[in-house]
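The task is to assemble the complex, starting from two chains supplied on their own in separate frames and drawing on the hints.
If you read the protein sequences in the order shown, they are chains F and R.
Sequential numbering of the first sequence, starting at 51, is according to the numbering used here.
Sequential numbering of the second sequence, starting at 1282, is according to the numbering used here.
Source of the hints: derived by calculation from the structure; they are not laboratory data.
Values in this document were obtained by computation on a predicted structure and should not be read as measured data.
Since no wrong hints were added, every one of them can be taken at face value.
Partner residues are not named here, just some residues of chain F that face chain R (Cβ under 8 Å, in silico):
| id | residue |
| --- | --- |
| 1 | Ala62 |
| 2 | Ile64 |
| 3 | Ile142 |
| 4 | Cys143 |
| 5 | Met191 |
| 6 | Gly393 |
| 7 | Ala413 |
Calculated lysine to aspartate or glutamate pairs in the DMTMM-like style (CA-CA distance at most 25 Å, straight line):
| id | chain 1 | residue 1 | chain 2 | residue 2 |
| --- | --- | --- | --- | --- |
| 8 | R | Lys1336 | F | Glu180 |
| 9 | R | Lys1333 | F | Glu128 |
| 10 | F | Lys296 | R | Glu1603 |
| 11 | F | Lys90 | F | Glu500 |
| 12 | F | Lys370 | F | Glu299 |
| 13 | F | Lys203 | F | Asp109 |
| 14 | R | Lys1336 | F | Glu120 |
Label pairs and their calculated CB-CB ranges:
| id | chain 1 | residue 1 | chain 2 | residue 2 | range |
| --- | --- | --- | --- | --- | --- |
| 15 | F | Trp105 | R | Ile1297 | 51 to 57 Å |
| 16 | F | Arg81 | R | Glu1391 | 22 to 28 Å |
| 17 | R | Ile1422 | F | Phe397 | 53 to 59 Å |
| 18 | F | Gly189 | R | Ile1297 | 20 to 26 Å |
| 19 | R | Thr1303 | F | Glu79 | 52 to 58 Å |
| 20 | F | Arg409 | R | Glu1603 | 40 to 46 Å |
| 21 | F | Ala311 | R | Glu1394 | 32 to 38 Å |
| 22 | R | Ile1288 | F | Arg81 | 34 to 40 Å |
| 23 | R | Val1368 | F | Phe397 | 28 to 34 Å |
Each residue gets a CB set at the ideal place from its N, CA and C atoms; glycine is no exception.
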Amino acid sequence: MANDIPTPEELAKIDHKPPRKGWMDTPTEFRPGTWSYPGKASALKVLDLPNPREWQPTDEDWKLPENWKEIIIDGLKERLDKFRSLKIFMDICVRCGACADKCHFFLGSGDPKNMPVLRAELLRSIYKNEFTKAGKLLGKMAGARELTKDVIKEWFSYFYQCSECRRCSVFCPYGIDTAEITILARELLTLIGCNINWILEPAANCFMTGNHLGLKPHTFKENIEYMVDDIEEYTGVKIEPTFNRKGAEVLFITPSGDVFADPGIYTLMGYLMLFEHIGLDYTWSTYASEGGNFGLFTSHEVMKRLNAKMYAEAKRLGVKWILGGECGHMWRVVNQYMDTMNGPADFLEGPVSPITGTRFDNAASTKMVHITEFTADLIKNNRLKLDPSRNDHLKVTFHDSCNPARAMGLLEEPRYIIKNVCNNFYEMPENTIKEQTFCCGGGAGLNNEEFMEMRLRGGFPRANAVDYVHQKHGVNMLSCICAIDRVTLPPLMEYWVPEVGVCGVHELVANALIMEGENEREYNLRGELIGETEDNEDV
Amino acid sequence: MNIAFSILTVVVIGLIPWIGTTAVNLQYLFGIIIPYAAVIIFLLGVVYRIVKWGKSPTPFRIPTTCGQQKTLPWIKQNRIENPSNVVGVIIRMALEILAFRSLFRTTRAELKEGPRLAYGGFPWLWLAALVFHYAFLTVVIRHLRFFLDPVPFFIAWLARLDGLLEVGLPVYMLSGFALFAAVSYLFIRRVVVPQLRYISLAADYFPLFLILCIAGTGILMRYFFKVDVISVRELAVSLAGFQPKLPDNGIGGVSYLFYMHLFYVSVLVAYFPFSKLMHSGGIFLSPTRNLANTNRAVRHINPWNYPVKVHTYAEYEDDFREQMKEAQIPVERD
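Chain R extracted, bound-state conformation (with noise of 0.2 Å):
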């Protein structure tokens, strides 16, 4: 059900933009106006989020500790998982962003005879995870080729990088295929695994295959049914000059398949504030893994901290005075 709904809307996104520069001429419509909103939105999306989180405070100092904490002079503190300074908080941080710390841990936890549970097996999850996210990028920055003029020297150094198994003609770009197998990777892992399965929501699955269609429209362009590069590149760089302007001769070769692709882009940047792919933004603030573990020996303020009712020293002396005396408790008041 999830699926069959997230896969629906995809085609019908996919469709929207193949109408609309095919039957109807929406060209402008397609490759400036709604690729300028997408932008737009996300930008104000993400900022609105981002303050709308930092709004809330962090009324107590949190943190999972993943490892030994600063004690004893002799006692080997793990600096990283159980930091007690900003450095080893950076480092922290720094580890779980750019290698997804965390997710190495995993392992799978099976039921075999005896009983007995055992924990163990390659984290997959992590490498398609790191794969996925690093490719994606790789993808991102490769595509700026399109939009600068000239183009920094690093991004052709990377799009080299990328290509360089020279196969073929034009270059085998790896990352494109690296994101296309690890987001494949990541949807079956959430059909075959039953547990996962059972959790999935349409909202998990329809970014999977959002992705899936800017991978597919993109290679199926760069290798199949080519689209004249020139002309995109007119375009993507009048976009980023802010001087939109659609080529002269509409995009050359099979254009439909590129404003899908753009199309498709266009929804995953403005649909990305609104949906779990926050993530990206919402890691930054885990208060779990952004705080130092010094919580005895700097205190920790909390801003809405409030009196409460206790029940005294004096009113339990009161209750049981009496008994005290007797059992040779001292007392205040006699």
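Looking at chain F on its own, in the form it has when it is part of the complex (with noise of 0.2 Å):
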């Protein structure tokens, strides 16, 4: 972590009081620790988007093209006439007020302007000075202003401290999703090559090789077959997973983050266990190597040009459906847009889980299953031997990733397993979980070490939280089903909450999991002796 990252004790004092200045006479300003890098020329030119060029925010000149304000405001129309969404958000919002503290990226840092009516109101303020007649009949008033190169620092600024987390949607009277309209601000800035390289790296190398960390075939199957030899020194268990193998069942899709880096590596781990417990027939795929996509940070074009390849692999592999892993934007993505952009999907069969016989009809169109409702559905059926009492050194809360909590509706799954494998299980407080859940700080493509301050801030609310479970229950495990939350939140607890781990809910599955010929388990996954875990302390 960077050293100029100020104390807890000081970043908490917070100042949710606004300045005198009003917020269109208030400049931006590229503070160290909340900007991300821009996106390398080298990543634009992958994906063919416009102006590749060497640039950073804090120069005087971004190197805009020539006709930049045209292209924003023809850019603004096309959406205008794309997408319903984006003309009535732009239309009816009466800024009552109600979202302005549901955002944790104000609550953790007072700026106004990321307060969600404000954020809105950067786009909306050049939507009604070019679209509207009362915009340019009123001109200020009316709350409209002319579209500057300083407005596009603004945007720039603030709709990359935007995580696209929803929580406002829920609160506002009108449902307006700043979601969406941060995706559709990003599309504009994206059309003048105004975007981050958190973000469009891993896209290109998402496009080109597969998955966001540009590990190629040979070196994603060598990791997992890592991960296999863990598994077989810590349970005796010997697994050969399969890989662009043709005619498996299933194709198992999850983020390249968990082949990767600690913690998700274990709830990869998870997978590969359980899947050898119960007998799945299914393959990896190196083609199709990513769950997640960061196009969806970038425009709907890319989300789609990534997102294409899991039913061409599917349909090349020949498998039945697909099963998909614990991750967040993913399911968004999957739930949201997949079946939409790419499918239909009519080389697959209706999801049927080959252990149990169930049908998942929720699924019927898309063929695509989450994995906590695969899992869920095999507890329920009593098809998993195991023994909840190897968790019992873990006292596990569950963080409800965006996501999969407001874009999907996937709550009970994830709590319903856990409750099985983990006996002690306690919920942080109602206002925030399940759909008032908070935000990890770096999600949409914010989790870089770069904006780091503005991540810890962002992160504040959710480890608040935690910290709340932690003082009065002793939890010290925090899981979730989100590989950008496996990577966002240790740091995040560590900062905040330094005595709460991180997991997957998979790797507390595979923990309890009472595998075929496995020895005496001594470890846990992560090497630990169990029931001497550095967690075990009374507090």
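Shown next, in the form of structure tokens:
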């Protein structure tokens, strides 16, 4: 973590009172820790995106194309004609302020431009100026303003300080969804080459090599084989996963972050063990080796281009249906966009669990099932041999990831699983879970190092709720079903609640699984002695 | 600045009919032409706006899910907050439109010592909004007494209910005062809460002041400076019957107050389609609320879906064939 990050005590002194000066007259400041590095020319070129160049937000000249203004206005018009959502959301906000203190970035930073209403107003003011009579006639009085290069700088700053979590849209009396506004604003910015590298590079990697990390096919396979070795060491069970195998019943796709980074790898080991335990006929794919989709954070078009691999690979391999791992925004894409963009998946069959015979009617059209739906069904039908006491040293709480919660409604499945594989489960306060859950602070492509201060600020409401159950119940493990969470939450916890670890739900499942032919399970998947982990202290 | 501008605007709007009907005899303009024009602008404007919205498609199904999805049969779905059929959507929309469901969730976040973020408090905004809208509706319906002859029973009944307290003479109508109080609250809130003041535009204050003036002139007319109700009714009935005619002896009593009231209403009605007040129409079309979350069960069609450039498996295998073979990953072509 960078040295210039304030201490938690300093950071928690948050002033939510806006300044005297109006927001239109407040210029954007690019302070270290509050912005992400811009997209590299090389990444833009891979994706054929406009205006590849070297630049920095702190530069005076952003090297925008000559006709940047025209591009933005035309782009906005095109999107107003294509998306009713945008038109409605631009027109009907009454600025009631119900959303203001619902945004984690506002709660953690106090910056008024992080109030969802104002974030939308950054775009709305230009919309009014260009497309409404009131705005043209009354200007500032109607909330309209001229599009200038400073507005572009402001957009870049604040539309990359929104994690598209949709919490504000739960409270909005008209359902105005800031995520939708941010998505489209980022599309506009991308038209003139203003985007961030943490999104563009993974997207480019995903396009060329199949996953965000740019793991080539053999490396992808090797990484998983390392985990197979670890599993054998800790459990004595030898697993032999297959890759790009034609004729498997199920194609399994999960975010590549879990192939690579701690603690996500333990979740992935969990999948391997679960599938071995139930004897699932499945395959991994190195071509469709990414569940996540950073195209969602770039533009609808890039999202579609990356997502296309899932169905294409399922078709090529001739599987019956697709099973998807724990991931947040991946499931937003799968649930809300995939079938519309790249369907119909008429070459697949309606998903049926080969173990329990359960038909997943809710996925009848996309033919893609969420791993927690699948596992919950296994547990309900008593198909897993479990010893939840192996997780007794853990006091677990569950972080609902924004996208499965608010773009899907996947709330009870993971809870059912956790309660069956752990004996100690405690919920965080109700204003911070389920549909009201708080972002980890790094969603929508913002989980980069240079953005750390804002991440810690944005993650403050989540961390604060964890701290509450940590103090009240001694919670020492924060479980989640999202790969970005598993990367973002550990530094967040380390900063605000250092005694709490982070894990995926299927890590907990695997630790409780009684595998056929296993040894006396002394170690958990992290190589820690069961019952003697660091978290065992009384709090 | 925004507040001053809005106040100035409503004052000027009030002066126009006052001068127009006292200094100059423009009763016909203010009593007949302007109200008709306002209604025409309103109707055309609202239709124009809704058609304009309707022209843009809903390319993706993006409901904000606020409860458990429909999934395995033994997991209880929240059929209203995460609807999976039309009935659920209708109930969700009805709750949103009639009871302001989402606003009811509103809590205030407070940073306390610790640091501890706490969320709580009564949803006053929800209550004020509810009182405001229902009081306004009651007032509007009650006013139909002026326009309809004979007065339908339910309007008479509503007016009786509205005046239930039966205090004084004439009977005090609760709705008018409730409206006035709720609008005042919504205004004070905008000024007192710093974040709200920061985001508020003239376009936010102006309708509040306009409605305050409408309610204010109405209350003044009814309880303090009496207007001849018989002649007002005569005018209203003639307007409603499309045979507009000013009463022979004009509007009796403090007539300029009446014309001010009517002019304020006309301005509000004409302003409506071009302002944020269109939220009342927009909410019906809001795609995060009016769509069922059947995303994975039923395919949603995007009318402008177009083919995109993808990196095909064949291209991918060409890039990595040797490494794949070496790692014993099956390939299509040797």
